[in-house]
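Let the sequences and hints guide you as you build the complete structure.
Number of protein chains: 2
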Amino acid sequence: MSLDLVMNHATFRKAWRFEAFAEACAAAGMSRVSIWGDEVDRIGLKAAAQSLHDAGLTAFGYNRAGPFLAATPDAQSEKLAATMVEIDKAAELGADHVLVFPGGLAPYQKGLAGLRHQLADTLVPLLEHARSCGVSLALEPLHPMLAGDRSPLCTLAEANALCDALGDGIGIVVDTYHVWWDPAVEQQIELAGASGRILGFHVNDWLIPTSHLLTDRGMMGDGIIDLAHFWGKVREAGYQGPIEVEIFSEHWWARDPDMVLQTALRRCRAIFDDRQGDSQ
Amino acid sequence: MSLDLVMNHATFRKAWRFEAFAEACAAAGMSRVSIWGDEVDRIGLKAAAQSLHDAGLTAFGYNRAGPFLAATPDAQSEKLAATMVEIDKAAELGADHVLVFPGGLAPYQKGLAGLRHQLADTLVPLLEHARSCGVSLALEPLHPMLAGDRSPLCTLAEANALCDALGDGIGIVVDTYHVWWDPAVEQQIELAGASGRILGFHVNDWLIPTSHLLTDRGMMGDGIIDLAHFWGKVREAGYQGPIEVEIFSEHWWARDPDMVLQTALRRCRAIFDDRQGDSQ
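Chains L and B supply the protein sequences, listed in that same order.
Residues 1 to 280 in our numbering are what the first sequence lists, from first letter to last.
Residues 1 to 280 in our numbering are what the second sequence lists, from first letter to last.
Any given hint could turn out to be false.
[Said to hold, decoys possible] Derived list of chain L stretches under chain B, where covered just means 3 residues or more per stretch with a C-beta under 8 Å from a C-beta of chain B:
1. 146 to 155
2. 179 to 186
3. 204 to 210
4. 213 to 226
[As the list claims (entries may be wrong)] To list a few chain B residues with every Cβ distance to chain L over 10 Å, as calculated:
5. Ala20
6. Ala47
7. Pro73
8. Ala75
9. Asp121
10. Gly193
11. Trp253
If you are wondering where the hints come from, they were derived from the structure by calculation, not from laboratory data.
Fair warning: this is a prediction, and the values are worked out from it, not measured in the lab.
A virtual CB, placed ideally from N, CA and C, is assigned to each residue, including glycine.
As structure tokens, this is what we get:
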């Protein structure tokens with residue numbers, strides 16, 4: 001069994017537009033891609049669907065449902081409507097799941113606890129809509145350094161609690177970059193797996209030093225995250241999906257995308273491919 | 001009752017050497033300062049003690065015990081010995097507590113879980129030494145974005161668990177910058193307070209955007225942390241110590257230190273001084 005890999009378009013977003021990205025992934029032998037709504041908009045939904053079809057690909061993760069948290073009811077309604085449209089697009093493209101991206105605190109001044117309640121409340125109509133479209137929502141805890149402006153959801157424990165409260169149709173994406181530091185990460189992966197709600201496993205690496213809070217993620221193997229350890233944990237927890245490469249990095253965006261893709265594939269094989277270990 | 005404030009020398013570290021810092025704090029009416037071992041070394045222990053004495057000040061926090069985590073037994077022994085010397089210096093200067101600074105993962109490759117065990121083990125002899133000197137150790141959870149190279153201790157929950165395991169002579173410093181994002185922060189402050197182990201309360205602010213992981217902390221009021229909320233929580237939990245201003249910031253380091261000091265005092269009064277509310 002060869003390693004099941006998925007590339008997230010964000011990893012190549014400055015070099016490849018939608019079609020070029022899809023063609024490159026197909027040429028490298030992959031069967032799924034994770035995509036972004038803004039790139040879909042650039043060519044139109046129909047052309048995006050055609051591009052996936054022509055390349056023999058299906059959509060795995062769709063980015064993204066959000067940002068939808070807002071300071072006023074009017075702004076909230078407007079953002080919710082826009083978010084529903086993204087969920088519709090994900091469903092039309094047959095995506096496996098839509099990444100929930102709440103948005104952050106600023107310029108609100110209500111505190112994180114209030115924002116977390118608002119997130120829980122707002123997920124109810126979003127999930128109802130997603131269910132009616134037949135697409136899953138995926139909660140992805142983001143690193144606490146992004147709590148201020150990207151998402152109040154910082155830990156797998158909160159994501160598990162939200163899933164418990166919300167019921168079917170919503171699960172969790174485990175991104176190693178965001179959760180590797182958490183003392184409870186192994187326990188919460190196990191919990192998420194026991195409920196069959198791990199929808200994706202994102203890899204990249206934490207660099208020392210890290211020069212930017214958003215765009216200095218590392219290529220797998222260049223940082224200090226014990227990626228093989230976390231891959232073992234999600235598999236032990238019952239996850240049978242692919243490994244998704246998502247690297248936000250000015251460094252890698254500036255490089256030849258074919259080289260970046262080959263580097264990512266090679267690193268993933270070196271770190272995650274345990275055929276020698278498992279099948280002998 | 002006027003607001004009890006302490007300045008941490010780090011806030012002014014590029015502008016004021018030890019004596020100038022002490023004199024400025026005394027002139028502003030404060031009775032305690034938080035100091036750094038490297039600044040003490042610059043003038044010598046005796047001169048530092050004299051400087052505090054002349055200014056009518058006592059030492060509150062002493063930075064720092066560490067880094068002491070190391071990859072090999074030899075390196076570990078060497079670092080432990082150096083850390084003991086820092087604890088001795090803190091005791092000789094009559095500091096209230098010494099900040100524990102474990103150091104980080106790189107270039108070790110043992111994973112955070114292993115490093116957390118190593119931290120727990122290493123605190124035993126350090127605490128024994130601190131007790132024999134009559135000075136308290138203070139665990140300060142650092143922001144998870146610093147887990148890679150500064151400290152594996154990321155949450156108040158871990159700090160409380162370590163204190164529970166270690167017994168007397170060790171407590172916790174709550175730095176708003178490091179813990180404000182944590183969904184369990186209020187609960188863990190309450191727990192720490194119930195055991196009488198909150199030794200300090202550090203303030204600063206989280207800026208949007210934040211441009212650097214170490215040196216872009218904000219002046220109180222310039223960011224999004226609900227500082228008054230957290231001050232209320234530590235007081236409800238029984239903390240009766242001062243508010244300590246600790247701002248690592250290239251922006252503020254480049255400014256006139258008298259202006260920075262006055263700004264910090266003014267902001268603290270605006271945010272934390274509740275004389276109108278409490279006593280009328």
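Hints versus structure:
1. 146 to 155: holds (count 5)
2. 179 to 186: Since 5 is at least three, the answer is holds.
3. 204 to 210: Holds: 4 residues of the stretch 204 to 210 of chain L have a Cβ under 8 Å from chain B.
4. 213 to 226: The restraint on the stretch 213 to 226 of chain L holds, since 4 of its residues have a Cβ under 8 Å from chain B and three suffice.
5. Ala20: holds, 31 Å
6. Ala47: holds, 34 Å
7. Pro73: Proline 73 (chain B) is indeed farther than 10 Å from all Cβ atoms of chain L, at 21 Å.
8. Ala75: The assertion about alanine 75 (chain B) holds, with a minimum of 18 Å to chain L.
9. Asp121: holds, 16 Å
10. Gly193: The claim stands: glycine 193 (chain B) keeps its Cβ more than 10 Å from every Cβ of chain L (closest is about 18 Å).
11. Trp253: Holds: least Cβ distance 19 Å, greater than 10 Å.
Of the hints listed earlier, there is not a single one the structure fails to meet.
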